[in-house]
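Peer 1: Assemble the dimeric complex from its two separately framed chains, guided by the hints.
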Amino acid sequence: MAWMAWTWQTALFFVLIFLTLVSMGVWSVKAPQAPRKGILMIETTPGDRLFISLLGSAWICLSWLAMFGSPLWWALLVCVVFAAAVFRWV
Amino acid sequence: MNKTWNNKAWWMVLPVVLLVAFSAVIPLMTVVNYAVQDTFGNNQFFWAGLSWFEEIMNSERFINALGRQFMFSGIILAIEIPLGIFIAMNMPKKGWGVPVCLVLMSLPLLIPWNVVGTIWQIFGRVDIGLLGASMAALGIDYNYTQNIVDAWLTIIVMDVWHWTSLVALLCYAGLQSIPEAYYQAAKIDGASNWAIFRYIQLPKMAGVLLIAVLLRFMDSFMIYTEPFVVTGGGPGTATTFLSIDLVNMAIGQFDLGPAAAFSLIYFLIILLVSWIFYTVMTNMDKEG
Chain R
1319 MAWMAWTWQT ALFFVLIFLT LVSMGVWSVK APQAPRKGIL MIETTPGDRL FISLLGSAWI
1379 CLSWLAMFGS PLWWALLVCV VFAAAVFRWV
Chain H
35 MNKTWNNKAW WMVLPVVLLV AFSAVIPLMT VVNYAVQDTF GNNQFFWAGL SWFEEIMNSE
95 RFINALGRQF MFSGIILAIE IPLGIFIAMN MPKKGWGVPV CLVLMSLPLL IPWNVVGTIW
155 QIFGRVDIGL LGASMAALGI DYNYTQNIVD AWLTIIVMDV WHWTSLVALL CYAGLQSIPE
215 AYYQAAKIDG ASNWAIFRYI QLPKMAGVLL IAVLLRFMDS FMIYTEPFVV TGGGPGTATT
275 FLSIDLVNMA IGQFDLGPAA AFSLIYFLII LLVSWIFYTV MTNMDKEG
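From first to last, the protein sequence lines stand for chains R and H.
Counting from 1, position 69 in the first sequence corresponds to residue 1387 in the numbering used here; the numbering is continuous, with no gaps.
Counting from 1, position 217 in the second sequence corresponds to residue 251 in the numbering used here; the numbering is continuous, with no gaps.
Treat the hints as calculated values from the structure; they're not laboratory data.
Bear in mind the structure is a predicted one, so any value in this text is a computation, not a measurement.
Treat the hints loosely; a few may be bogus.
Okay, derived cross-link-like pairs now, DSSO-like style, lysine-lysine, Cα gap no bigger than 30 Å in a straight line [claimed, not checked]:
id : chain 1 : residue 1 : chain 2 : residue 2
1  : H       : 37        : R       : 1355
2  : H       : 42        : R       : 1348
3  : H       : 127       : H       : 238
4  : H       : 238       : R       : 1355
5  : H       : 127       : H       : 221
6  : H       : 238       : R       : 1348
7  : H       : 221       : H       : 128
8  : H       : 238       : H       : 221
9  : H       : 128       : H       : 238
In isolation and in its complexed conformation, chain H is listed as follows (with noise of 0.2 Å):
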C-alpha cells in the first residue's frame, strides 16, 4: 500500500521548539557568549578567548571541588541504591502495612530542600540539636562545623534519610509487578533466596533501578541547598560542591566570564554521564 508522505505534523513541535529555546538554548548561547569574554559590569565586554577555559581547566579550586562532587555522589549512590533495595525487599505485599509504609516513605520526600537542610542543621547542633547534645553526653566529640568527617557524615546522612524512599519506593514499583507464578517456579526448583533474588528478582528491578541510579546521580551532582544550608561549604572548603563553589564565583565574586566557562564545563560533564546513562537503558530495553 502506498502511504502518502505528510510531514506537517511536525508544526505541532514548534510550540515546544519556541519554549524550550526561550527558556534554555538562548540562556545557554548567553552563557557562551559570556564565557569567552570579560566584564566589570555596565554590560561592556572584553574579549578574552579561551582563557577562561583554560583557567578553570587547571585550577585546583575546580578540580578539588569536582573531587569532592564525584566523591559525594558516588558515596551516597553506594548507600541509597543496596539500602532501598533492601528497603524495598522487606516492605509488606499486602495488607494494611502496605498503605502504612508507602505514606511513611513518602514524608521525606515531600519536604522542601532548604526545610530538610533547617531540620538537620539544627538536629545536628551540640547546644540544642537532639543529635548533636546526644551525641556530646555520650561524650563524642561530634561536630560539623569544625570537623570535616563530622561535616561529610551529616550531609550524607541527611541525603540518605532524605532520597532512599525514592530508590525503595521505585524498586518496590519494580518488585511489585514480578508475577507470582516466577516465585513458584524457583520454589519448585528449589532456588535460594540469593537465586532468587539474583535471577528473578534483580532482572525484573533492572529497567527502574537504572532510573534511580540515573535519578539519583543527577539530584546529588547539582545539589547545592542542604548542604549550603547545613555546612555552607565548610569548614574551610570541605564540603564546597560544584553548585556552591560556581555561585560564589557567579553572584559572590561577580566572576561572570570564569564562571561561564565553569558552568559549561559542569555542562558538559553533565551531559556526558546523562548520554551513557540513556544509551545504557535505551540498549538494555532493546535488548531484554
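The shape of chain R in the complex, shown without the other chains (with noise of 0.2 Å):
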C-alpha cells in the first residue's frame, strides 16, 4: 500500500464516497423509484443525480479555488446546497 501514498484525508474522502453509493443502493433496493424529468428535462434516476452532484461539486470546488483560494468550507456549503438542488429538481 506505500507505493500509493495514502493521507488520512484522502482515505476519508474515498471512505465518504464509497459509503455514499453503498447507502445510495441499499435505497435503491428499499424504496426503488422509477425514472422521472425535471427542470433539465433528462430522465435521471437517483444515481444520475448523485453523478450529476458529485461532478458538479468537483467544478465548483475547482472554480473556488481558481476565484479565492482554499480553504474550501464554503465551497462544500455550495456544493451541498447544489447536491440538494439536484435531488429536488433535476
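Peer 2: Structure representation (C-alpha cells):
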C-alpha cells in the first residue's frame, strides 16, 4: 500500500464516497424509484442525480480554488446546496 | 404473475468490477493521493493540501494549453464533420466503386499514430519532404518548425487526412440504412436536394453523427503522438496541447504533485464533456 501514498484525508474522502454509493444502493433496493424528468428535461434516476451532484461539486470546488483559493468550507456549503437542488429538481 | 426476484446474476459482474478496479480505480485513487502531496523521490511524500489544484487552475501554462486544446478540437470537428458528410454523400451506393472506396477510405485509419506523425514530419520538411520542397519551389514561405501558422496548418491537415475517413464511413453506414422509399416519396413531392438532405438524410444520420462527433472530440482532445512527432509542441509552445504539457510536467520535470492535479482536472473536463454527449445521445434515442 505504500506505493499508493495514502493520506488520512484522501482515505476519508474515498470512504465517504464509498459509503454514499453503498447507502444509495441500499436505498434503491428498499425504495425503488422510477426515473423522472426534471428541469433539465432529461430522464434521471437517483444514481444519475448523485453523479451530477458529485461532478458538479468537483467543478464548484475547482472554480472556488481558481477564484478565491483555499480553504474550501464555503465551497462545500455551495456543493451541499447544489446537491440538494439536484436531488429536488433535476 | 408473481416473479421470484433473484439477484444472484449480479455476481457475474464481479470479474469486470475487479478488472476495472485494478486497471482504473486504484490508479486513479493513487493519482488523487499524489495530487495533495509533494515528493522528491524515494517514495517520501509531504502534505501539500489543495495548493497544486490552486496553482494549476491559476497557471497561465495550463490555461493556454487548454485553450489550444479546445481550439484544435473545435477546428478539426468543424472541418472533419461537414467534409465527412460530403464525402459519404458522394460515395457510390452500389457497383464496383463501393469496395474500392471503402478500402481507400479505411487505409489512413490503419496507420499507427506515430507513423502518421513521421510521414507528415518528413512530408512537410523543406529540404527532403515532397510538400515542403514543393512549397519552397513555388516560392511559398512554409516552415512548420518556425512559423506558428504553418505548424498549426500542418497538424490540422494531418488530422483531417488521418480521421475524416472515420466520419465519412460512419455517415456512409447511416446513409445506406435509409430505405429507397423515402427518396421516392421525396421525388413525388418534388423535394429539392437540400430538402432531402435536411429532412431525410440528416435526421437519419443523427445517431451515427453524434457517435462520430464524440469519437473525434475525445480522440482530438487527448491527442499526443502526432503533434509530438511533427512539431514536438513547438515552435515555442504554440502546439503544446494538454497531453504534451502533462507529459512534460510529469516525466520531464518529475513534478508529480502538480502533474497529478493537472491530470485530475483534465479527467474532470473529459468526464463533463462525455456526460453531456452521452446524455444528449441517449435522450435523442428515447425521443427519436
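Peer 1: Check the hint pairing residue 238 of chain H with residue 1348 of chain R against an upper bound of 30 Å on the C-alpha distance.
Peer 2: 42 Å, violated
Peer 1: Has the given pair, residue 128 of chain H with residue 238 of chain H, been kept, meaning a C-alpha gap of at most 30 Å?
Peer 2: 19 Å, holds
Peer 1: Within 30 Å, alpha carbon to alpha carbon, are residue 127 of chain H and residue 221 of chain H?
Peer 2: Cα-Cα ~18 Å, so holds.
Peer 1: Residue 238 of chain H and residue 1355 of chain R were given as a pair; does the straight-line alpha-carbon distance stay at or below 30 Å?
Peer 2: 26 Å, holds
Peer 1: Is residue 37 of chain H close enough to residue 1355 of chain R, meaning Cα to Cα at most 30 Å?
Peer 2: Satisfied, since the Cα-Cα distance of roughly 28 Å is no more than 30 Å.
Peer 1: For the pair we were handed, residue 238 of chain H and residue 221 of chain H, check the Cα-Cα distance against 30 Å.
Peer 2: 17 Å, holds
Peer 1: Check whether the Cα positions of residue 221 of chain H and residue 128 of chain H lie no farther apart than 30 Å.
Peer 2: Roughly 20 Å between the alpha carbons, so the hint for residue 221 of chain H and residue 128 of chain H holds.
Peer 1: Hint check: residue 127 of chain H vs residue 238 of chain H, CA-CA at most 30 Å. Holds or violated?
Peer 2: Status holds; Cα separation ~16 Å.
Peer 1: If you draw a straight line from the CA of residue 42 of chain H to the CA of residue 1348 of chain R, is it 30 Å or shorter?
Peer 2: 17 Å, holds
Hint compliance for this structure: hint 6 alone is broken.
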